[in-house]
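Each chain, letter by letter, is given below.
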Amino acid sequence: MTTNTLIAGFGGQGVLFAGKFMAYKGMLEGKEISWLPSYGPEMRGGTANCSVILSDEPIGSPIVSNPDVLIAMNLPSLDKYEDLVVPGGMIFVDSTLIERKVERTDVKVFYIPTTKLAQEIGAPTLANMIMMGKFIKESGAVTHDDMEAALSKVVSAKRADMFEINLKAIDTGYNY
Amino acid sequence: MADKVLMKGNEAIAEAAIKAGCRHYFGYPITPQTEIAAYMAKRMPKIGGVFLQAESEISAINMVYGVAGTGMRVMTSSSSPGVSLKQEGISYIAGADLPALIVNVQRGGPGLGGIQPSQSDYFQATKGGGHGDYHLIVLAPASVQEMADMTILSFELAEKYRVPAMLLADGTMGQMMEPVELPEVDYKPTEKDWTVTGTQMKRKHNIVNSLYLLPEELEKTNIERFERYKAIEENEARYESFMMEDAEYCVVAFGIASRVSKNAVIAARNMGIKVGMIRPITLWPFPKKPLAEAAEKVKGFLSVELSMGQMIEDVKLATECKKPVELCNRVGGMIPTPEQVLEAIKKMAGGEK
Chain A
0 MTTNTLIAGF
10 GGQGVLFAGK
20 FMAYKGMLEG
30 KEISWLPSYG
40 PEMRGGTANC
50 SVILSDEPIG
60 SPIVSNPDVL
70 IAMNLPSLDK
80 YEDLVVPGGM
90 IFVDSTLIER
100 KVERTDVKVF
110 YIPTTKLAQE
120 IGAPTLANMI
130 MMGKFIKESG
140 AVTHDDMEAA
150 LSKVVSAKRA
160 DMFEINLKAI
170 DTGYNY
Chain B
568 MADKVLMKGN
578 EAIAEAAIKA
588 GCRHYFGYPI
598 TPQTEIAAYM
608 AKRMPKIGGV
618 FLQAESEISA
628 INMVYGVAGT
638 GMRVMTSSSS
648 PGVSLKQEGI
658 SYIAGADLPA
668 LIVNVQRGGP
678 GLGGIQPSQS
688 DYFQATKGGG
698 HGDYHLIVLA
708 PASVQEMADM
718 TILSFELAEK
728 YRVPAMLLAD
738 GTMGQMMEPV
748 ELPEVDYKPT
758 EKDWTVTGTQ
768 MKRKHNIVNS
778 LYLLPEELEK
788 TNIERFERYK
798 AIEENEARYE
808 SFMMEDAEYC
818 VVAFGIASRV
828 SKNAVIAARN
838 MGIKVGMIRP
848 ITLWPFPKKP
858 LAEAAEKVKG
868 FLSVELSMGQ
878 MIEDVKLATE
888 CKKPVELCNR
898 VGGMIPTPEQ
908 VLEAIKKMAG
918 GEK
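These protein sequence lines map, in sequence, to chains A and B. All letters in the first sequence, in the order written, are residues 0 to 175 by the working numbering. All letters in the second sequence, in the order written, are residues 568 to 920 by the working numbering.
Where hints are given, some of them may not hold.
Once the Cα atoms are required to be at most 30 Å apart in a straight line, the calculated DSS-like pairs of lysine-lysine come out as [unchecked claim]: (1) A:K19 to A:K115; (2) A:K19 to B:K609; (3) A:K136 to B:K571; (4) A:K152 to B:K694.
In short, the hints are calculated from the structure, not lab data. For clarity, every value in this text was computed on a predicted model and none was experimentally measured.
The whole structure should be built from the sequences, with the hints applied where relevant.
Written as structure tokens, this is what we have:
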């Protein structure tokens, strides 16, 4: 199985971080993975996205132009990438920041108010990880086992105080 | 064996260089390779190495020239416009027969161009680049693992032949992360008879120089150097052959273009088109032999490049134009999609089978 995922949002929403977490989770499960960020003259508040491929086969192109899974963390990302999702694919929408509905009828859509939920659990910067929880539950691209191992790869020792709240955010999304 | 870690291609180059015993890095920041310099800035002071951000690319390459004269492993890295600035120094290093590593994480050009990936420095890398008759050993990684492995190989080949090596990557390779296993390198600096490290009053002094005012002497050094180039061409050409056994068509692509092309080759095979790929791993020496052999078997070649068509000339030379060679490309920071390459393969094969 191969899952091509595109995660997109504002710079500062932790889009690249979420992608790294996903990549480590896949790697620890023995999958082939690639992670490719958009890079450019970007700044806080600008757009950011990354392509993450999780596969049982060696990966050819690391570029995701037609995602199986789109994670849209803001409206410009949904507008830009909605049409590119493969038929039968999935779109995850942060319904706090995106008011409109997905127009496609040939994809599975999940609306999660991640930004609002993040505020409710006292972690306003972790909407990204709430989304990861939901992604893991619905996509089946990676398992729900041993979140701690993957998380410890991306949460640095300096930010060890953030470890538990990240776990909580993932749980919040998984159980939403 | 070490555990796999997730790293950006740029970081993998830097860590692999350190593992290979490189303790001198000179550079100047430029997107999309700045992570190499950033990584070196962090690590080198902790292991007794030197990280120095020079005031320009020209300074950096001349610092490389200096350290290379002592026989120690040394490198610099940059991206296209910065590598152009280094060309004078690279020519001097080649002329003085010194080993060194120059990394080019290419971006679109000419001029300041853009900052997105490109392969349009192929000519510059493989045909000399600076003035005079010379070559670099040019390696083209196509994965983060190869970014690490070929960094190590570059140092080894450069030292073996006393020829500067270039790692020719692109913005995608530099920025992407993949699992990588960093090999332990058993490197012990060896005594060399040409280094300028002080004579201790025990031997005649060595001279590192690229100036020969007597034409007879200069001719001799050139001819001697080309004998080494001949040995490199005979012994060091590397390539990957993919689905070529029964292929009727052959895609030729390196680096990121080969990654994209692999998807297209698999998709074409699923449609019944017998296509394979030859991926040059060394761009100089160019893997002429497998291409010449393929020219006897296949009906046509497709050169896939992020340039207006540079490697295609070497494909035509290697195959002596025995079969048609088509081009499939995007430029300026754009990357061909697997669909675009597939369309080109289908067109070449005369439609779906």
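Each hint tested on the structure:
1. A:K19 to A:K115: 23 Å, holds
2. A:K19 to B:K609: Between K19 of chain A and K609 of chain B the Cα gap is close to 21 Å, so the pair holds against 30 Å.
3. A:K136 to B:K571: Measuring from Cα to Cα gives roughly 26 Å; hence the hint holds.
4. A:K152 to B:K694: 43 Å, violated
When held up to the earlier numbered hints, the structure conflicts with hint 4 and nothing else.
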